[in-house]
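Undergrad: Those sequence lines, one after another, are chains G and U. Under our numbering, residues 1 to 335 are what the first sequence spells out, in order. Under our numbering, residues 1 to 198 are what the second sequence spells out, in order.
Hints were generated in silico from the structure; no laboratory data involved. Because the structure is a prediction, the values reported are computed rather than measured. Be aware that a few hints might be false.
Cross-link-like lysine-lysine pairs, in silico, DSSO-like; alpha carbons within 30 Å at most [claimed, not checked]:
#1 K188/U / K177/G
#2 K10/U / K121/G
#3 K178/G / K166/U
#4 K121/G / K129/U
#5 K26/U / K178/G
#6 K62/U / K84/G
#7 K120/G / K177/G
#8 K135/U / K120/G
#9 K26/U / K120/G
#10 K135/U / K121/G
#11 K216/G / K22/U
#12 K188/U / K178/G
#13 K151/U / K120/G
#14 K177/G / K129/U
#15 K120/G / K129/U
#16 K303/G / K247/G
#17 K26/U / K151/U
Footprint (simulated), chain G over chain U, 3 or more residues, beta carbon under 8 Å [as the list claims (entries may be wrong)]:
#18 17-26
#19 30-42
#20 52-61
Note that the Cβ used here is the ideal one computed from N, Cα and C, for glycine as well.
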Amino acid sequence: MIISRAPLRISFVGGGTDLADFYHRYPGSVISTAIDKFVYVVINRTPLIHKVSARYSVSETVDFADELKHTRIKAALIDMGIQKNIEIASFAHLPAKTGLGSSSSFSVALMKGLNAYVGKKIDKGEAAEAASRLEIELVGEPIGRQDQYAAAFGGFNVIKFNPDDTVTVEPVLLDYKKRLGLESHTLVFFTGITRHASSILTEQKANINKKFETLKQMADSVPEFRSRLVQGDFRGLGTMLHEGWLKKKSLASNISSGVIDGLYDAGMNAGAWGGKIAGAGGGGCVMFLAPEDKKTAVREAVKRVAAANNLTDFQEIPVRFVQSGAEILFNGDTK
Amino acid sequence: MKEFIDEFSKRSIEAIQSMPHKEVAKALNILQAVYERNGRVYVFGNGGSWAIAGHWVTDFNKTIFSHHLEEHSRRFRVSRIPSSAEELTAWANDVGYDMIFARPLENVLEDTDVVIAISSSGNSPNIIKAVEVAKRHKVPVIGLSGFDGGKLNELADVKILVPTPKGDYEIVESTHDTIMHLMTRYFKEYFNHLVEHP
Chain G
1 MIISRAPLRI SFVGGGTDLA DFYHRYPGSV ISTAIDKFVY VVINRTPLIH
51 KVSARYSVSE TVDFADELKH TRIKAALIDM GIQKNIEIAS FAHLPAKTGL
101 GSSSSFSVAL MKGLNAYVGK KIDKGEAAEA ASRLEIELVG EPIGRQDQYA
151 AAFGGFNVIK FNPDDTVTVE PVLLDYKKRL GLESHTLVFF TGITRHASSI
201 LTEQKANINK KFETLKQMAD SVPEFRSRLV QGDFRGLGTM LHEGWLKKKS
251 LASNISSGVI DGLYDAGMNA GAWGGKIAGA GGGGCVMFLA PEDKKTAVRE
301 AVKRVAAANN LTDFQEIPVR FVQSGAEILF NGDTK
Chain U
1 MKEFIDEFSK RSIEAIQSMP HKEVAKALNI LQAVYERNGR VYVFGNGGSW
51 AIAGHWVTDF NKTIFSHHLE EHSRRFRVSR IPSSAEELTA WANDVGYDMI
101 FARPLENVLE DTDVVIAISS SGNSPNIIKA VEVAKRHKVP VIGLSGFDGG
151 KLNELADVKI LVPTPKGDYE IVESTHDTIM HLMTRYFKEY FNHLVEHP
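Just chain U, with the same shape it has in the complex (with noise of 0.2 Å):
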């Protein structure tokens, strides 16, 4: 069992080392510009990457500001989508499933607005429409992939990519998710610090 324990620990390691930090920092500029020109950030990702995109949502829209949330009365509008699970079905059910991100960010996306789309193979045919969709009204994409990298490291503004070798989800999702903590980490950081620093 300590092999295998041991084994996971050290993937997991290397993987956070193999961070790109360099468009770590450009996807922290870009959400820093959306932040100033109150523009609106949409999220999105399957299975394992929706549930990473919740936790960004809550963590953006919230923890970010908790410790002094009367001081900050302009704070990041971060959303999923789509917004419910009824509106999920509706699209897969009678456009395609290939389409339940597409048209919802359709519904929504204005030119001061900013995409998050996590798929770990990059590949995922649902998550590559709807980055068209921003790359269309060139919106920036901020774009958290595995594996290769695949379609969606290709079309991506910002390529946050975890190299591994292909299959690797838990690897690579969990890499993804502290790579959304070290975000939350920096705004909730840099906005105590306007506040405690004034």
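Looking at chain G on its own, in the form it has when it is part of the complex (with noise of 0.2 Å):
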């Protein structure tokens, strides 16, 4: 057996510069950390049964790999060869569609175990490659490649996605100080509502063109968020994440909502500094960043809006950031 697993991430400014639309003309930039939530992948050799199955919101046994109806599971072990004898089951610590990345998450743990299940030892960046290969080229998902970077890589990172297709990962080296003061300013909610990244970026994709200087911009501001970053100013970031929310609102008419809007406006008025919806958008986590003194009013003023809108799967996320990437914590697999 091979147990892998992978964070969940959360982005601050550049999302959407991944896209290979937008980074084939103006190189892309993300700047994420990895969280202490994780994806796990658990793998298993049968031998003596001679089936696949995937275990994960249901649980799926077929006899070849090509009967799966999980999508990325399905076109991994195609690609890698592996028809029968296998099982896979995924646990996390987080449901699907938070906005904090998890289906890439998903994908990098799944190809550091599949790897490993064939003997191979692959590296960080090779996970992440390996990752975008499968949801991009294999699967198909219209989406782009900074979650798999960001899960693979683990810290905080800024994430280059460069014309020629070939992705600069650059850790910010921060000192504990700095990382544990951004934790206690930052409050991360998830609204309940959940959606596909996909449904999003289809129409975030068909806009580049017309949103075209917005990117840029978001993309450009990248490094001044590092600086603030590695400068410990909390207050700056609140006001660039809020500003990059409101680019990002407008790239796609289903990026935000009168309920997210609702939530954001609520904390904004408690006394956030600045913050934004995790991920894509149309749902998923909204995040603040908020002075210490401020946090239990932002808390309050959000909850009582998600309780208005009969949000009941809303909740707060505790959050701290790991450097902790994609890793194996187990291998025992015997052949």
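Using the hints, put the two chains back together into the complex; each one sits in its own frame.
TA: This is the structure:
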């Protein structure tokens, strides 16, 4: 048996510039961090059971990999030439579609684990590439590449998407005081509204020409965010998040909604410096940076709006930032 | 006598000031990650570097946590390899001196681990052989070297080179000790902070 894992992530600014239609014309750039919520993938070799099992929110058992419904597991197994005698299960700290990149974290953990299964050790860059290829080329998701890299590398990174399709990952070397300082100003709430990133990204992709200048500004704001982060200017970071969110909202009609705006405005009116919707938008998590003495007020204000809108799955998600990336936690596989 | 002492002090200070900040920061991040996943750290070197490796084990396993030992149920798991003089002489006598680190490392190394290799020249064959084992496992290697860095500085993922004239062992080793202590102090303050500011 093999157990692999990869963290979820929070992206701060630059999201959307990781789409190929943009970065083929202008270098994309995103700054993000891994958080202490993980997706775990367990892979078991079953020499005496001539089936393929995939266990996630449902449980599938079929004779051959190409009969699976789970698109990513199916595509990965076919690509790697694994047809049967295998069980794959996934576990996670959070539900899917929270905007924290969990589907790519799953893909990274899956590719890290499957490579170990065939006796191949892959590094962080290779795991990110394998997951990107799986999702974008093999499954045909209309997504970008920031999440695979954020999950594979872990920690705070500036991830650059070059026009020649290469990706450069520059770690932001923060000491623990800055890291814990940022944590103590961060509030993350799961709205309880879920959506597929791909539905939003399809419209966003179609708008790339029209929104090219906005996306360029978003990519160009990454170095400033990085330097404010290194200086520990949390208020400035909050302001930048707010400006970034306003830009992002303009990229596609369904990134925000009346309810999301209501939650966001409540937090801002209660004293947050700034915030954003994590991930592609349309639901998922809303996050804020706020002064420590305003955190309770922000929490209460956002909760009230959630209750008024009957968001029954709404909850605060406490986050810590982690250095961990894609990892094989256990490899007891014997052929 | 004063001249000799002044000269040594001056060279020591210059070596400490030449410490590669970015690489030291990267090493701290890698050690943070190995702590998070509860992996192990294996450290080794020859002679004076072997002594630094032993000191590293002591400070990371105990000193870092000693202000709040009971509060930290998870602590660093650092070991120097090989684990005893008996094992060292067995590998050296039966397999070869160049394999005294590589072979014991092969026994214990897992994907979650990190390797710290210390070599002033960066060219000790037994150090390089062990680093190659870690590279094959895709396990991160933090390399502490001196002089021109040698092969260790080329191979290591984190390249902590203290550049000095060739043969400047005293300066390189004491700077490596300082770097080890910098990391000890960083994590000691970090873990103290976690307990004192929950």
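Undergrad: Indicate, hint by hint, whether the structure satisfies it.
TA: Hint check results:
no., hint, in the structure
1, K188/U / K177/G, "13 Å, holds"
2, K10/U / K121/G, "46 Å, violated"
3, K178/G / K166/U, "38 Å, violated"
4, K121/G / K129/U, "19 Å, holds"
5, K26/U / K178/G, "15 Å, holds"
6, K62/U / K84/G, "48 Å, violated"
7, K120/G / K177/G, "38 Å, violated"
8, K135/U / K120/G, "13 Å, holds"
9, K26/U / K120/G, "26 Å, holds"
10, K135/U / K121/G, "10 Å, holds"
11, K216/G / K22/U, "29 Å, holds"
12, K188/U / K178/G, "16 Å, holds"
13, K151/U / K120/G, "25 Å, holds"
14, K177/G / K129/U, "38 Å, violated"
15, K120/G / K129/U, "21 Å, holds"
16, K303/G / K247/G, "25 Å, holds"
17, K26/U / K151/U, "20 Å, holds"
18, 17-26, "holds (count 3)"
19, 30-42, "holds (count 5)"
20, 52-61, "violated (count 0)"
Hints 2, 3, 6, 7, 14, 20 from the list above are not met by this structure, while the remaining hints are.
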